[in-house]
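Now for the letters of each chain:
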Amino acid sequence: MRASILKQSKFLIVSVQGSMTDADLVQLREELGAGVRRHRSTGVIVDVTMLDVMDSFAVRTLRGIAQMVKLLGAECIVVGIQPDVAFSMVQLGLTLEGTTTALDLEDGLSALRERIGAEGNPL
Amino acid sequence: MNPSGSSPSSEVSEQELVRRKDFLEFGDADVSNLAEINELAQRYADAVIEDFYKHLLSFEETRSFFRDPHVLQRVKNAQQEYFLRLTQGKYDLAYVENRLGIGAIHERIDLPIKSYLGMYNFYLRAVSNRLSEAYQDQPERGRVTFLSLMKLTFLDMGLAIDTYIYSRERTIREQQEAIQELPTPVLPFREGMLLVPIIGLIDTQRARLLTEQLLGAVRDNRAKVVVMDITGVQAIDSKVANHMVQTVEAARLMGAIVIVAGVSPEIAQTMVTLGIDLGRMTTVGDLQSGIERAEEILGYTVTRTRSKTSSGQ
Chain A
1 MRASILKQSK FLIVSVQGSM TDADLVQLRE ELGAGVRRHR STGVIVDVTM LDVMDSFAVR
61 TLRGIAQMVK LLGAECIVVG IQPDVAFSMV QLGLTLEGTT TALDLEDGLS ALRERIGAEG
121 NPL
Chain B
1001 MNPSGSSPSS EVSEQELVRR KDFLEFGDAD VSNLAEINEL AQRYADAVIE DFYKHLLSFE
1061 ETRSFFRDPH VLQRVKNAQQ EYFLRLTQGK YDLAYVENRL GIGAIHERID LPIKSYLGMY
1121 NFYLRAVSNR LSEAYQDQPE RGRVTFLSLM KLTFLDMGLA IDTYIYSRER TIREQQEAIQ
1181 ELPTPVLPFR EGMLLVPIIG LIDTQRARLL TEQLLGAVRD NRAKVVVMDI TGVQAIDSKV
1241 ANHMVQTVEA ARLMGAIVIV AGVSPEIAQT MVTLGIDLGR MTTVGDLQSG IERAEEILGY
1301 TVTRTRSKTS SGQ
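Those protein sequence lines, which keep their order, are chains A and B. The numbering used here puts the last residue of the first sequence at 123; the count rises by one with no breaks. The numbering used here puts the last residue of the second sequence at 1313; the count rises by one with no breaks.
Worth flagging that the hints you see were computed from the coordinates, not collected in a lab. Among these hints, one or two may not hold up.
[Unchecked claim] Under the rule of at most 27 Å between Cα atoms (straight-line distance), these lysine-lysine pairs were calculated in the BS3-like manner: (1) A:K70 / A:K7; (2) B:K1090 / B:K1054; (3) A:K70 / A:K10; (4) B:K1224 / A:K10; (5) B:K1076 / B:K1090; (6) B:K1224 / A:K70.
So that you can see chain A by itself, here it is in the shape it has in the complex:
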């Protein structure tokens, strides 16, 4: 199953589905990179609410996405990590260092707006 990338003004919202294979994740990274360039986005939110398992490959890819987005000049926030997912990630030592996280889409959007400005233009 593929992730959906929604464009909302200057932001891109990525909704990761429950059953993502490794190949799906890599494809998502490529599509997102292209998307940020094409839409000249200033912020990306990756919503992982639907993920109930996160293995080391998924976490590495997620961190890679966040770093890539940053290099493309946009902010990236990972939202919707569920309690048990969060705890098992930490137990595995996968803490997404250097990546901004927020509780859910709403919090993520307001965090982005705070950083970038309501219109999606860099402050």
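Chain A is already provided as a structure; the job is to place chain B on it using the hints.
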């Protein structure tokens, strides 16, 4: 209380009984030896029981269990049945059940194990004397028969002690459950702020429960800052401390900051000694500082609307 609830009968299977008998080397020869003295046992039963209770009643510690003459008579009858059962063969699961039941009764009246074992010892000695008398002409036969009886008595003792241990273990388990159920409230303190006071002893199990509650509450209350107050915690070990660090990290993944407040000097010392990485953990000395820090993060400012002097009036 359910009478069978205190017996671990369900834990002694056919297999386990065979294992126990094997370990005591209790075999068919022993069964026939015991069957041989059944008649003898019946003849001496009353006298042995009388001696037995005379002995029990001569000690203050055991006398207190038999103050009521009716109880005493009933117990004597039960005891006689118990002793006779030793030589009646059929040492099967029903036998085990019977022995466990008797052990459970003694456990329930809080008869100390030392007295219980002492009673077995007295019985063996009494029977030993009578066996030597009866087998005066065949001392070897008497000795072998006594050994058979001793094996069976030790099987009984093993079962009896099991009931004691089982009951204690159940108490421990119940207490552990009670501790786990100790409410650890997660209190919404301000919008976006949770207060989690932790009191008492934290073990690994409780720490895990706490983590679940805390992370769940972060999601349900949409909290941004959690103040975890550990003023009421006397000590933590390395496992629990690591668990706490992990909880803080997990909360961060969910977009919440955890402030640990009320770290006592002892706990601080422990954490330093254990070399726990506190780099990403925000800790403050007391709850007040914790709340102030949380308010600062959330952008709250608290102002007094009345001066100190007028508020007292």
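ask   = Are the Cα atoms of K1076 (chain B) and K1090 (chain B) separated by 27 Å or less?
value = 23 Å, holds
key: Given pair status - K70 (chain A), K1224 (chain B), alpha carbons within 27 Å   = Distance ~24 Å between K1224 (chain B) and K70 (chain A) Cα, so the pair holds.
message = Given the hinted pair K1090 (chain B) and K1054 (chain B), is their Cα-Cα distance within 27 Å?
response = 31 Å, violated
request  = Below or equal to 27 Å on CA atoms is what counts here, so check K70 (chain A) against K7 (chain A).
outcome  = 18 Å, holds
ask   = Would the pair K1224 (chain B) and K10 (chain A) pass a check requiring their Cα atoms to be no farther apart than 27 Å?
value = 25 Å, holds
request  = Measure nothing beyond the straight line between the CA atoms of K70 (chain A) and K10 (chain A); if it is 27 Å or shorter, mark the hint as holding.
outcome  = 15 Å, holds
Consistency with the previously given hints fails for number 2 only.
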